[in-house]
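Enquirer: Sequence:
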Amino acid sequence: MICGMTSALPIVLSNRDQILVCGLGSLGQHCVANLKTFGVRVNAIELHPSDRWEIEDLPDSIDSLVIGDCRQMDVLERAGVHHCRAALLVTTNERVNLEAALSARVLNPHIRLVVRSEKQNLNDLLEQQLSDFIAFEPTQLAAPAFALEALGKEMIGFFKVENQSFRVVKRQITPQDAWCNSRKVHEVTNRDRRILRFIKAQDVDLDPEAWTMRADHPYSASAQFYTWLPDEVIRAGDVVVAVEANSLDGLGLSPKMNYPLASSSKGSWQNLWEGFTHWRDWRPRAAIATYWRESGHNQIRRVALLCGLTVVTLCGLGSILLVLTGTAPTLADAFYATVVLLLGGYGDVFGGVTLPHPMPWWLRLFSLGLTLAGTAFIGVLYALLTEKLLSLRFEFLAKRPAVPDKDHIVVIWLGRVGRQVVEMLQDLRQPVVGITSQTLEPEVLPQMPLITGRIREALDKANLPTAKSVVAVSDDELQNLELGLMAYRANPQSRLIIRTYDQLFTDKVARLFPYAQVLCASALSAEAFAGAAFGENVVGLFRLYHQTVLVTQYVIEAEDTLHGLLLSEVAYGYGVVPIWHQQSGQRGRAMPSDDIQLHAGDRLVVLSTIRGLRRVEQGDLATKQWQIEVLQATATDAIFEGGTEITRMTGCPLDEARALMDNLPAVLPHKLYLHQAMRLVRRLKRLRVSAKILPLEDRARRH
1 MICGMTSALP
11 IVLSNRDQIL
21 VCGLGSLGQH
31 CVANLKTFGV
41 RVNAIELHPS
51 DRWEIEDLPD
61 SIDSLVIGDC
71 RQMDVLERAG
81 VHHCRAALLV
91 TTNERVNLEA
101 ALSARVLNPH
111 IRLVVRSEKQ
121 NLNDLLEQQL
131 SDFIAFEPTQ
141 LAAPAFALEA
151 LGKEMIGFFK
161 VENQSFRVVK
171 RQITPQDAWC
181 NSRKVHEVTN
191 RDRRILRFIK
201 AQDVDLDPEA
211 WTMRADHPYS
221 ASAQFYTWLP
231 DEVIRAGDVV
241 VAVEANSLDG
251 LGLSPKMNYP
261 LASSSKGSWQ
271 NLWEGFTHWR
281 DWRPRAAIAT
291 YWRESGHNQI
301 RRVALLCGLT
311 VVTLCGLGSI
321 LLVLTGTAPT
331 LADAFYATVV
341 LLLGGYGDVF
351 GGVTLPHPMP
361 WWLRLFSLGL
371 TLAGTAFIGV
381 LYALLTEKLL
391 SLRFEFLAKR
401 PAVPDKDHIV
411 VIWLGRVGRQ
421 VVEMLQDLRQ
431 PVVGITSQTL
441 EPEVLPQMPL
451 ITGRIREALD
461 KANLPTAKSV
471 VAVSDDELQN
481 LELGLMAYRA
491 NPQSRLIIRT
501 YDQLFTDKVA
511 RLFPYAQVLC
521 ASALSAEAFA
531 GAAFGENVVG
541 LFRLYHQTVL
551 VTQYVIEAED
561 TLHGLLLSEV
571 AYGYGVVPIW
581 HQQSGQRGRA
591 MPSDDIQLHA
601 GDRLVVLSTI
611 RGLRRVEQGD
621 LATKQWQIEV
631 LQATATDAIF
641 EGGTEITRMT
651 GCPLDEARAL
661 MDNLPAVLPH
671 KLYLHQAMRL
681 VRRLKRLRVS
691 AKILPLEDRA
701 RRH
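Counting in the numbering used here, the sequence shown runs from 1 upward without gaps.
Any given hint might turn out to be false.
[Said to hold, decoys possible] Below, a list of computed lysine-lysine pairs in the PhoX-like style, where the Cα atoms sit at most 25 Å apart:
1. Lys119 to Lys153
2. Lys692 to Lys624
3. Lys170 to Lys184
4. Lys184 to Lys624
5. Lys406 to Lys170
6. Lys153 to Lys508
7. Lys119 to Lys160
8. Lys200 to Lys184
9. Lys685 to Lys184
10. Lys399 to Lys388
11. Lys200 to Lys170
12. Lys685 to Lys624
13. Lys624 to Lys153
14. Lys170 to Lys160
15. Lys170 to Lys153
16. Lys461 to Lys406
17. Lys671 to Lys692
18. Lys153 to Lys184
Note that these hints are calculated values from the structure, not bench results.
Make a model of the complete structure from these sequences and hints.
Expert: Shown next, in the form of C-alpha cells:
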C-alpha cells in the first residue's frame, strides 16, 4: 500500500496525490466519485465529451479533463500522467485499456496501473511481469453481491481468505434465542466471531442514516462498525450482524469449492497436486468425513472407501499376527505374505510348504479370510472401473436434474455474471434453476436444472410461485426489469434482484419498486477499483445496510500507516475490522487478537468501507478519548499480572505499567479507545484488579 503519515494535521495535496482515470463511462464516473473521498486530485481522459452524467456535480469533481484517445502518448502527457501515483484504465474496450496501461507505464515507470480486463490469463501474466499492476473484472467483483442478495436477509456476505472461509450473517433475536437476556454483546465475540453491527429493537425499523444519530458510541471512527457498546445486554428484537470464520468443511464445502455432483479430470488432477503440496495441512478425519458426505449420491464410492479402509486394516493386522506367531521371520516378509493373501494367493503361501512350526488353526482361517476379503475388494475395484468407463462412454446421454418443487433460486440469463452467481449458490448448497435463451454445453454447470428457449415462456416452467428468489442478470437492464416484474407478479413473496448498469436508472427503479433489490454493477465494483489505486488489494466485497464493505488485504511495510500499531488501534482508530493476520513465514490466523502488534512483512485482511480505506491511506487515526483509573489489587500476584496485562493490551512500557501498579490508585497516562478501555477493565477484573473508565474531560476536571 502507499502510505501517509500518521498525523492529525490536515493533509496537503502534492503532485503525487493525483490519480488518472481513463474512461468516463458508468464505472469510470463511480471511480471518480470514490477517489474524491480520499481527498486526491483526479484527472480524467474521455474519448468524446459527455453530455450525460450519472452522478450529480461529478464534472466539478474532476480537476483536469482531457478529450482524446487515452492510448496516445501526448494525450496522457496532457492529462499529467508524469505526476500521477496511479492510473485507472476503465473504458469498455479491454484492448484500449491494456494499450493505455502500457503507454502510461512507458511515460511513468513508477505509476500504479489498475486495469479493467476480463482476460484472466493475460491479467495473471502481466501481474507477474509488471510491478504495481492489478487487473479486475467488474463482473467478478459484483457477482457475489447478486448471489448473496438471493439468499435472503440472514446471510449477507461470503468470501475466502486462503483456506479459510468467512460468512457475514444477520441474526434477529427472538425470546427463545439462547442469547436473549443472558449475554452481553462482548460475550458473543469469540475466536471464530466478530460483531459488525448491533442494533437495538427500537431502532431496527429506522432508516440506516438515523442510526448514526442514535448510536450508543457516536465517537466511533466508522459509521458502520463499533457504534455499539460492548456491555449492552442482548434482548428480544435486537439485530446482531457478525462475521464468522468457518473451515470449508464446517460449511459443508470441499476445499476447492467444487460441485458435489460434478467434477472434471483437470480439477481432480489439480486437487491431487495441491494435496501433495499441502500434505502437512492434511487432516485425515476431516478428509474422510468430507469424502463420505460428498459420496452420498454414489453408494459404490462409499463401498470403495469402506473396502479400502478394511483392506488396509487387514493388511496391518495380518502382518503383525504372522510376526507374533513366528510364521514370518521379519515384518517385511509378513507384509509381503499378507499382500499375496489379499490378492488371492492362499495356495501360493501355504500350498506344498512345510513350516518349521505348526500354524495355529485360527491363523489359517484368518489367512483364508484375507484371501476372500481381497477377492471381494478386487471385485469392487472392477465395478468402479466399469462404472467410470460406462459413465465416460455414455456421458452424452446424461440428463440435467429436474426443476425443484419449492424454495429454489431462479437465475435469469446465464452470461458471465449469471454463471458466477450460479456457481456461488451451488457452492453454498442452494437449489438453483437457470433460464437462458440458448442451450448450454453439457459440461457447463451439469448439475443445474436448465430451462432454455424464449425467456417469457421459460418462466412458466421454473415453478416461480414456490421459488425463494429470482435473480435477473442479463446484459439488458430493461429486460432485467421486465422479467423481474413478471416473476414478481407470479410470486410476490419471492426476493427480486435486478442487475442494472446506470446509476440514474437504478435510483428510479429502486424508488418505484421498493420490494426489489436493484444493484448497479458499476457502483459495486468501483469502490474496489478506487481502493486498488492506493495499493490496497481488494479480494471481495458485500453489501451491508446500503453500504459496500470491502474485504481488503494489506502487506505491512516499515514506513506505512499500520506499522507498529496494535490491532486494537487499527480497528478502533481507523474503523476497520481485522479478520486475518499472518506474520512473515508463519501460518495465517483468523480473527486475530486485538493485542497483536503489526510488523513489516505481516499480512492483514480487514473489512472496511471506502472511508475506512481513506483513513488508513491518510493515517487519519481517530482521537483516543478515554483513560482508565486502576483502583486497587486484591493480591500481590495481581499487581504483577495486572502490569503485564496493561503492557500487552495498550503497548505501555512494562516498567511504566509496573510502577503504576505499585502506586494505586493511579490513572494510566496512555489514552485509549472506548472499546479498548472497556476490554482492559474486564481483563483486569479477571485478575482481581479493580479499575474504571475515565473520559478525558473528567480527568481534566480533576486537575
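Enquirer: State for each hint whether it applies.
Expert: Against the structure, the hints come out as follows:
Of the supplied pair hints, the one linking Lys119 and Lys153 is violated, its CA atoms being roughly 34 Å apart against a limit of 25 Å. In summary, the hint linking Lys692 to Lys624 is supported, as the alpha carbons are separated by about 16 Å, within the 25 Å threshold. Using a Cα cut-off of 25 Å, the hinted pair Lys170 and Lys184 holds, with the two alpha carbons roughly 17 Å apart. Taking the CA atoms of Lys184 and Lys624, the gap is near 24 Å; set against the 25 Å cutoff, the hint holds.
At most 25 Å may separate the alpha-carbon atoms for a hinted pair to count; Lys406 and Lys170 meet this at roughly 24 Å. Between Lys153 and Lys508 the alpha-carbon distance is near 23 Å, which keeps this suggested pair within the 25 Å criterion. For the given pair, Lys119 sits about 22 Å from Lys160 by alpha-carbon distance, which is consistent with the 25 Å threshold. Taking the CA atoms of Lys200 and Lys184, the gap is about 13 Å. The hint holds against a cut of 25 Å.
This hinted pair checks out: Lys685 and Lys184 have alpha carbons roughly 16 Å apart, not beyond 25 Å. A distance of roughly 17 Å separates the Cα atoms of Lys399 and Lys388; the hinted pair therefore holds under the 25 Å criterion. With a C-alpha separation of about 13 Å, the suggested pairing of Lys200 with Lys170 holds against the 25 Å cut-off. This hinted pair checks out: Lys685 and Lys624 have alpha carbons roughly 22 Å apart, not beyond 25 Å.
Between Lys624 and Lys153, the direct Cα distance comes to roughly 35 Å. Violation of the 25 Å bound is thereby established for this hinted pair. Using a Cα cut-off of 25 Å, the hinted pair Lys170 and Lys160 holds, with the two alpha carbons roughly 18 Å apart. Of the pairs offered as hints, the one joining Lys170 and Lys153 holds, with about 7 Å between alpha carbons and a cut-off of 25 Å not exceeded. A hinted pair counts as satisfied when its Cα atoms are at most 25 Å apart, and Lys461 with Lys406 qualifies at roughly 13 Å.
Taking the CA atoms of Lys671 and Lys692, the gap is near 13 Å; set against the 25 Å cutoff, the hint holds. Of the pairs offered as hints, the one joining Lys153 and Lys184 holds, with about 23 Å between alpha carbons and a cut-off of 25 Å not exceeded.
The earlier numbered hints that this structure contradicts are 1, 13.
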